Amino acid sequence: MLAEAAEPDEPSGPHPFAPIPYVVRSVVQETPDTVTLAIAPHGSRRIPPARPGQFAMLYAFGLGESPIGVSGSAGEGVLFHTVRDAGRITHALTRLTPGDGVGVRGPYGRGWPMEAARGRDVVIVAGGLGLPPLRPALRTILRDRDAYGRLEIIYGARTPKDLVYAAELQEWRRRGDLRLQVTVDAAGRDWYGDVGVVTTRIPDARFDPARTVAFVCGPEIMMKLTARALLARGVPASATWVSMERNMKCALGFCGHCQFGPSFVCRDGPVLSFEGLAPRLGVREV
Amino acid sequence: MSAPSRDLEAAIARHPFFAGLAPELVHAVSAGAEARVVAPGALIAREGTPADVFCLVVAGKIALEVGAPDRPTLTVQTLGPGEVLGWSWLIPPHRWRFDARAVKETRFLALPADALRGILADHPAWGFDVLRRLVPVLAERLENTRVQLVDLHAR
Chain A
1 MLAEAAEPDE PSGPHPFAPI PYVVRSVVQE TPDTVTLAIA PHGSRRIPPA
51 RPGQFAMLYA FGLGESPIGV SGSAGEGVLF HTVRDAGRIT HALTRLTPGD
101 GVGVRGPYGR GWPMEAARGR DVVIVAGGLG LPPLRPALRT ILRDRDAYGR
151 LEIIYGARTP KDLVYAAELQ EWRRRGDLRL QVTVDAAGRD WYGDVGVVTT
201 RIPDARFDPA RTVAFVCGPE IMMKLTARAL LARGVPASAT WVSMERNMKC
251 ALGFCGHCQF GPSFVCRDGP VLSFEGLAPR LGVREV
Chain B
1 MSAPSRDLEA AIARHPFFAG LAPELVHAVS AGAEARVVAP GALIAREGTP
51 ADVFCLVVAG KIALEVGAPD RPTLTVQTLG PGEVLGWSWL IPPHRWRFDA
101 RAVKETRFLA LPADALRGIL ADHPAWGFDV LRRLVPVLAE RLENTRVQLV
151 DLHAR
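Protein sequences appear in the order of chains A and B.
Quick note: the first sequence, position 143, residue 143 per the numbering used here, numbers continuous.
Quick note: the second sequence, position 24, residue 24 per the numbering used here, numbers continuous.
Treat the hints as calculated values from the structure; they're not laboratory data.
Any given hint could be a false lead.
[To be verified] The calculated DSBU-like cross-link candidates involving lysine-lysine, where the alpha carbons are at most 35 Å apart (straight line), are:
hint, chain 1, residue 1, chain 2, residue 2
1, A, Lys161, A, Lys249
2, A, Lys224, B, Lys104
3, A, Lys224, A, Lys249
4, B, Lys104, A, Lys161
5, A, Lys224, A, Lys161
[Claimed, not checked] Calculated Cβ distances over 12 Å to all of chain B for the following chain A residues:
hint, residue
6, His15
7, Ser44
8, Gly72
9, Pro98
10, Gly99
11, Arg120
12, Thr140
13, Gly176
14, Leu178
15, Ala210
16, Pro236
17, Arg246
[Said to hold, decoys possible] Heads up, incomplete: computed chain B residues facing chain A, CB under 7 Å, no partners named:
hint, residue
18, Thr73
19, Leu74
20, Thr78
21, Val103
22, Val147
Since the model is a prediction, treat every value here as computed from it, not as a measurement.
All residues carry an ideal CB built from backbone N, CA and C; glycine is no exception.
Model the full structure from these sequences, guided by the hints.
Below, the structure is given as structure tokens:
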């Protein structure tokens, strides 16, 4: 194994299940069903800084919690979370407006192994809403760009209107120190970019397989096929890291809802090495 | 048929589809081949019309489009440099299955399908070599289509 995923910090709070009150500062409508919330502590208490790839439990008061990856942070304890309306709780979260309250627990889990990536080429592959949990890793690399080798970002979505972070995509496209490939599964004639599943862009990616670390986040089948395509390019399974999502409820490794073979995704993940995961991904009962 | 230009033959030999194959094969398929440049928006192939060329994409981008009544035209795949357009030239009735349109200015090498089929039929070893290059393209596109059917981004 190349390295261990980043160790989680000890989450703070008076009780492990008690959320800390935050307030919505701003809401950006990314797509028709997806928003990015900027939330700030409502009072003196705040969760510890999140490492790239960690997640928090966002509590929609009166409804319940949902695990949402941290997609960014700013001063004064501000957190960014990109949320898609995909259920009762996330529906409520996407309806929040500035000034509304939201509860936060976390941050939880092991994040992207940023130390293991230093000095290496980095390939970031995101499918759909897999980009938000990867954004902090990307920003970490861009803040210390010389510490890493080539940087290749491959981002796939269902259609052009499902792409998030439009402004940042433009900014990344303009940069000379990274290469961005954006592809969609289908498009109309007004789309001049690539069309095809995200794995079709791997053969064209520029990296040295022997000194590459890959961070992959998206639907499970996309991650499996991407890791397979990376293997075909010579990137060992031990150098490919994926972020799993499995029915996380307590986020503390107590309840077992997110058990995936010998791992609890909330505690041992969500970022896991593909080397250990690969045999389990093919087992339907796990 | 006139002898192919050396530049054209060299360009075909450099293209990933033919790279490494027998020079005699490359020489043979170069006869009658053309280097074409099309403007953005130009239709390269139209569904149902004779698939009379096998296209090796050199530069630019080609969209494979599916049209359906009462629905906007949908691009289901794009092809770029190093890729090939079409296998309809090989499979009867030799008619294009999709529309192919240039997304931007695109350069490709057009190999005449009639001649190509004849060469491959007359030289089974070359035919096998070409099929060994073409089948992975088909297999990859079939797998990608299946993945699209699964809908990677479904909720």
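Consistency of the hints with the structure:
no. : hint                  : result
1   : A:Lys161 <-> A:Lys249 : 31 Å, holds
2   : A:Lys224 <-> B:Lys104 : 33 Å, holds
3   : A:Lys224 <-> A:Lys249 : 24 Å, holds
4   : B:Lys104 <-> A:Lys161 : 21 Å, holds
5   : A:Lys224 <-> A:Lys161 : 25 Å, holds
6   : His15                 : 32 Å, holds
7   : Ser44                 : 37 Å, holds
8   : Gly72                 : 22 Å, holds
9   : Pro98                 : 27 Å, holds
10  : Gly99                 : 29 Å, holds
11  : Arg120                : 26 Å, holds
12  : Thr140                : 26 Å, holds
13  : Gly176                : 21 Å, holds
14  : Leu178                : 19 Å, holds
15  : Ala210                : 22 Å, holds
16  : Pro236                : 22 Å, holds
17  : Arg246                : 15 Å, holds
18  : Thr73                 : 6 Å, holds
19  : Leu74                 : 5 Å, holds
20  : Thr78                 : 4 Å, holds
21  : Val103                : 6 Å, holds
22  : Val147                : 5 Å, holds
When each numbered hint is compared with the structure, no violation occurs for any of them.
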